[in-house]
Amino acid sequence: MATNQTVAEPGAGTACMAGPAPAIHAASRHGCAALEVVDLTRDYRTGFRRRRQRGIAGVSFTVAPGCIFGLLGHNGAGKTTTINCILDLVHARAGRVRIFGREHTDPAARAAIGYLPERPYFFEHLSGRELLRFYADLLHIRRPEREKRIDEVLAVVKLESAAAVRLRKYSKGMLQRIGLAQALLGDPDLLILDEPMSGLDPVGRRQVRELLQGLRDRGKTVILSSHIVPDIEMLADEVAILRQGHLVAQHRMADLNRTTIYEVQLVAPRGAGSGILEDHIVRRHGEVLHVQTAGVADLARLLARCTEQQWKVLGVGTHRSALEELFVDQAEQGRGS
Amino acid sequence: MSTLGTLAVGTFRETVRDRLFYLVGMFGFVMLASTAVLSPLTIGAQSKIMTDVGLAAMSAFGLLVVVLVGSNMIRKEVDKGTIVTILAKPVGRRQYLLGKFLGLNLTLAAMLALMGLLFFLVLTVAPGAFSVHYLGAIYMTLLELVIINAVVVLFSTCASAPLSAVATLGVFLVGHLSQSIRDFGHLQGSPLQQRIFDAVYFLVPNLEVFNIRGAVVHGDLIPPGQYLLATVYCLGYAGLLVLLAGAVFRGKGLR
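Chains as they are written, first to last, in the working numbering: chain C, 1 to 337; chain Y, 338 to 592.
Everything labelled a hint here was simulated from the structure, so no lab data went into it. Incorrect hints may appear among the rest.
The calculated lysine-lysine pairs, modelled on PhoX-like cross-linking and capped at a C-alpha distance of 20 angstroms, are [unchecked claim]: (1) Y:K417 / C:K172; (2) C:K169 / Y:K589; (3) C:K172 / C:K158; (4) C:K158 / C:K169.
All figures in this text were calculated on a predicted structure; none of them were measured in a lab.
Whole structure, please, built from the sequences with the hints as guidance.
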């Protein structure tokens, strides 16, 4: 199976000492991998005869601290299984997982993790605030600090007004938000979010995007699992593509963005399109030109020229996303194999 | 609060807010109240009937709560996925299981305390019926329910909720008949049958150890050593079952 990897090999640069629990934060400061997954394999037993079915096979990747790492794949590609193995919710048949240098089976390693499952379900008899108190107690957050922290995360997910409402009255989007709140509660160094945009309206999606970008800016590491290419494209620094339980490609988004085709709509006088512009014009309607550039560098040069020549820019969009192309290619290869 | 305390209080709160708990509690109260209605029909044995029915009702409704709530308690969280956000925190699987077990014990203790209070209130209408030894019978009922709770926790780690409930009820019945079963085996004469019935006797908890209801109703004195032995037996047996449940639960995939 073709595997396209351009980033660090699994296990590289991860020689960290697994000391006592506070060492997790120290580990993230000292360049230890936030997450190291090596040859992870998980089988399922299905049917009456308990036949073995492959969930994921030989999945390996390393996530550096302070980045957003996208796990991209179709439904059933193995994203959730990978996450479940990382969190030791299901046991891997083979492979190794280290979280900031600690074995993932060690409950103390999970103190550094905030996790939002794909379809979060919580105790319906509790209110939003009571639920967060319950999780804060599991994280051993002391009482005076606890209420302050709960208020903070409720404000982040915009649920202050629903804090006293029982969860059985929450909508799907509100459950997603309270799920995000419990994941953020312990101010974790590593966030694992399985389809976090699911169930959110456009405003909510934007808020989550801004929140994740803010967390990255604060040095937090985010693993973002999704089957929606634009979500990964907008947020991730690195992306791994899973197909039928195998990791088939891993790239830095900066590398992919170099080959993304952007389309700029601008108004320029007739005969003005010379030099780099002339070769890139794909359509012309009077003075309105549709110009395509490959990569961010070319796009920046074109926009600079527009400013210089005082051409009016009507809009900039992605004509063909390199990630989308890659994703579709991988899917087609999967159908062919 | 410690992790165990948080999980236990969380479970207690969940069961207290569960409508089923209130329904069973209410039914228990109605049963106790009915003894007051029935007792005038039993000339000369009014207080004994009230005490006997009251103590038996407490045991029966406690059993109902353990079986109905206990068989669903862990299975529901696994099936609905509530458990994943808990175990994604620094919580071990054994801790989780022990927390749930302690939480349900807390519920049982609260329920028995409440029913006991009502029981003693009902007894005040029958002069001379009150005896401090009834507290001992209620305590023994709690110990019995703790063992049944451990049984249902073990079953619910490896079976569906209905199967756990049925198997637990089976253990309850056999647990009360274990001595008779052993005697029956010895009467049969075949060495193989004797061994089988002996194995059942030693594997299944002997719940008759905790049944002092008849004795206290008839005014027999229960020596303190019997309470102590019953407590040690309960803690040892329930502890073993919870350990076993932890070992089973450790190997389970939760998604």
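Hint check:
{"no.": "1", "hint": "Y:K417 / C:K172", "result": "holds (15 angstroms)"}
{"no.": "2", "hint": "C:K169 / Y:K589", "result": "violated (32 angstroms)"}
{"no.": "3", "hint": "C:K172 / C:K158", "result": "holds (14 angstroms)"}
{"no.": "4", "hint": "C:K158 / C:K169", "result": "holds (16 angstroms)"}
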